[in-house]
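Undergrad: So the sequence lines, in the order shown, correspond to chains F and E.
Mapping of the first sequence onto our numbering: position 312 corresponds to residue 312, and the numbering continues sequentially without gaps.
Mapping of the second sequence onto our numbering: position 95 corresponds to residue 95, and the numbering continues sequentially without gaps.
No lab work stands behind these hints: they were computed from the structure.
Incorrect hints may have been included.
[As the list claims (entries may be wrong)] What follows is a list of derived Cβ distance ranges for each label pair:
(1) E:K248 / F:D326: 50 to 58 Å
(2) F:Y414 / E:P61: 28 to 36 Å
(3) E:K114 / F:R131: 49 to 57 Å
(4) E:K14 / F:D8: 30 to 38 Å
(5) E:A251 / F:D326: 41 to 49 Å
Don't be surprised by glycine CBs; every beta carbon is placed ideally from N, CA and C.
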Amino acid sequence: MDIFDFSDGREGYYGEYGGVFLPEILHATIEELLVCFRECKSDPKFWQDYVALMQSYSGRPTPVTHLENLSRKLGGAQIYVKREDLNHTGSHKVNNVMGQGLLCQRLGKRKVIAETGAGQHGFATATMAARFGFDCKIYMGAVDVARQRPNVFWMENLGAEVIAVQDGQKTLKDAINEAMRDWVTNMADTHYILGTACGPHPFPEMVSWFQSIIGFEAREQMLAQTGRLPDRVYACVGGGSNAMGIFQAFFDDDNVELIGSEAGGQGVGSYMHAARLAYDDATVGVAQGFKTYFLQNEEGNMNETHSVAAGLDYIGVNPIFAHLHDKGKVRFEAATDIEVKEALRLTMRTEGLIPALESTHAFVTAIKEAPTMGKDEIILINQSGRGDKDIFTIADALDDAKWKTFIEGKADQYRGEKN
Amino acid sequence: MALQSFLAERKKDKDLLVMAHVVCGYPSFEANMQELEIMAEAGVDLVELQFPFSEPSADGPLFVHANEQSLKAGTTVEDCFEFMKQASERFPFQLLMMGYYNTVFKMGEETFVKRLKAAGGVGYILPDLPVEESANLHRLSEEAGIEPIILMTPTSSDKRLAQLGAVSRGLVYVVARKGVTGSKTNMGDDVLALIERCRQHTDAQIGVGFGISGKEDMDFLRGSADMAIVGTAALKTWEQSGADGLRKFFAELMA
Numbered sequence: 001m002d003i004f005d006f007s008d009g010r011e012g013y014y015g016e017y018g019g020v021f022l023p024e025i026l027h028a029t030i031e032e033l034l035v036c037f038r039e040c041k042s043d044p045k046f047w048q049d050y051v052a053l054m055q056s057y058s059g060r061p062t063p064v065t066h067l068e069n070l071s072r073k074l075g076g077a078q079i080y081v082k083r084e085d086l087n088h089t090g091s092h093k094v095n096n097v098m099g100q101g102l103l104c105q106r107l108g109k110r111k112v113i114a115e116t117g118a119g120q121h122g123f124a125t126a127t128m129a130a131r132f133g134f135d136c137k138i139y140m141g142a143v144d145v146a147r148q149r150p151n152v153f154w155m156e157n158l159g160a161e162v163i164a165v166q167d168g169q170k171t172l173k174d175a176i177n178e179a180m181r182d183w184v185t186n187m188a189d190t191h192y193i194l195g196t197a198c199g200p201h202p203f204p205e206m207v208s209w210f211q212s213i214i215g216f217e218a219r220e221q222m223l224a225q226t227g228r229l230p231d232r233v234y235a236c237v238g239g240g241s242n243a244m245g246i247f248q249a250f251f252d253d254d255n256v257e258l259i260g261s262e263a264g265g266q267g268v269g270s271y272m273h274a275a276r277l278a279y280d281d282a283t284v285g286v287a288q289g290f291k292t293y294f295l296q297n298e299e300g301n302m303n304e305t306h307s308v309a310a311g312l313d314y315i316g317v318n319p320i321f322a323h324l325h326d327k328g329k330v331r332f333e334a335a336t337d338i339e340v341k342e343a344l345r346l347t348m349r350t351e352g353l354i355p356a357l358e359s360t361h362a363f364v365t366a367i368k369e370a371p372t373m374g375k376d377e378i379i380l381i382n383q384s385g386r387g388d389k390d391i392f393t394i395a396d397a398l399d400d401a402k403w404k405t406f407i408e409g410k411a412d413q414y415r416g417e418k419n
Numbered sequence: 001m002a003l004q005s006f007l008a009e010r011k012k013d014k015d016l017l018v019m020a021h022v023v024c025g026y027p028s029f030e031a032n033m034q035e036l037e038i039m040a041e042a043g044v045d046l047v048e049l050q051f052p053f054s055e056p057s058a059d060g061p062l063f064v065h066a067n068e069q070s071l072k073a074g075t076t077v078e079d080c081f082e083f084m085k086q087a088s089e090r091f092p093f094q095l096l097m098m099g100y101y102n103t104v105f106k107m108g109e110e111t112f113v114k115r116l117k118a119a120g121g122v123g124y125i126l127p128d129l130p131v132e133e134s135a136n137l138h139r140l141s142e143e144a145g146i147e148p149i150i151l152m153t154p155t156s157s158d159k160r161l162a163q164l165g166a167v168s169r170g171l172v173y174v175v176a177r178k179g180v181t182g183s184k185t186n187m188g189d190d191v192l193a194l195i196e197r198c199r200q201h202t203d204a205q206i207g208v209g210f211g212i213s214g215k216e217d218m219d220f221l222r223g224s225a226d227m228a229i230v231g232t233a234a235l236k237t238w239e240q241s242g243a244d245g246l247r248k249f250f251a252e253l254m255a
């Protein structure tokens, strides 16, 4: 199936989801982007250049690792992991960002803007901008700026300007609004590097296309390493870009089950989560440029969301998944904050892997299901990012006493230097 | 009276009409009513009542704050329609709903048109609803005698203006510059050229907004546009100097 073949329906729509809902002033900019993207997508040289860049700059192809210890411990399916954590900047975000960087060169624009939640996408964008020589502005909710200082530190040192957004909940969705406001003013020389497979068309398609490199590699690697396709593929779903990245390669493989794991936060009924499809709280709406399932009230105002993983803490989900959920093509589950912390400990101790809190959501669901499967069955997890880079966040999540003592000591030292 | 004929009527005695803006429930509905009284005294012709939304991505900082505070105070869609009803019965100007499409989408387009009509509104401005997505809503509006206000912008090509013009009725909102609401526009020849370009594609009245803040902007638009649209400048005045300040602001603006 080609989800991006719009010849039978409306351009940019996946079932009833997607579309373009933007102020008129951006119409010409989106048209220009769409034309440029179509050219890139139909030009084999563009993709070759992209793959070559990702090989030389980001260490692709990333490996697939067999987790023998964890598989044995759980006593069920054989677990394999696609190692997107080994990318430069530590997550799959760089795939999309480098791709859009190449596209931005074709557009002839010299400035890039981006939103970021946890800071991974902002970090990747600042890295790309430094490499390509673009001016770079990153919009980040003030709450996120306060809790993600290490990523802000790197963005600024890479030469980006980080703007703390003071509106709304001061998190990811507010950063997106503010990036939009910049774009409606400066679109003539500025490209908006949207970080996930959300927003107005062609962003969901474009981001999915760049991320598809994950799945193409993984499918071949699984065939080479295990001689067959996996029975199930797991990925965490915030906006949905890493999951789209790995799932796409298996859309035509009817025997491969695809499972998206959302942020269950404090669980069903808590209203403190970001599970748009796994729980029943979200409804269809139109915001931030597109139509999809949003966590919103009955009048269409957005609700607060929560997750231990800032990268999954978002009100909406990509429109392609909303459609594939309706069709039963992708199954959605949720992992709670508590389950995530347990799974992270288990993965670190048994395999020496430190998945990002976001990616650990996929591990939770896989770890729950693996024991119910046969030893000859195979599952593949997308480890979208690495956790060691987010030591502040993870130390908080794990409530590590020795870490706190260390930070107190550091604080005392800085205070001493000031006086 | 439908918007088109109402505006034509008002234009008989005036060379430049004025549309003002209020964010429903900010700072309060009582304050909104006071603002409307002042606007009516000054002879404002049309007022857009903004229904607050949690993601007002086309608005500048002042309106963003206003949307946020209004929702925080518990403003509902029902409150906004109720306020519109009171205002439409009381004042000589006509009223438009201004807001974001999700507000309409969640109640259903048919319900929206019915409720707007029942509240005495004559049209609506939905900045994030492009014409490609408007066919059904426009059809329902036409049946009800409600006008969708189309936005034309400096980045619109002639081809696009023709598309926009084809579905425009009553009033077209010409966005004077790129960007969001609330910062200053340098009114110059490019704005006049844009208005002329828009006129070639629509028979509707032309209102110009974004960055209109005082009498000099009015003088500039006179003879070119049919209506000046004032938003942020009025709210800023209200916040800085209350009812007296706002009275003075409109008196000077419309002198």
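Undergrad: Would you mind marking each hint as holding or not holding in the structure?
TA: Hints, one by one, checked against the model:
Taking the beta carbon of each, E:K248 and F:D326 are about 57 Å apart, inside 50 to 58 Å as hinted. A beta carbon spacing of about 33 Å between F:Y414 and E:P61 agrees with the range 28 to 36 Å that was offered as a hint. Range check, E:K114 to F:R131: Cβ separation about 55 Å, and the 49 to 57 Å hint holds. The beta-carbon spacing between E:K14 and F:D8, approximately 53 Å, falls outside the hinted interval of 30 to 38 Å.
A hinted range of 41 to 49 Å for the beta carbons of E:A251 and F:D326 is inconsistent with their spacing of about 57 Å.
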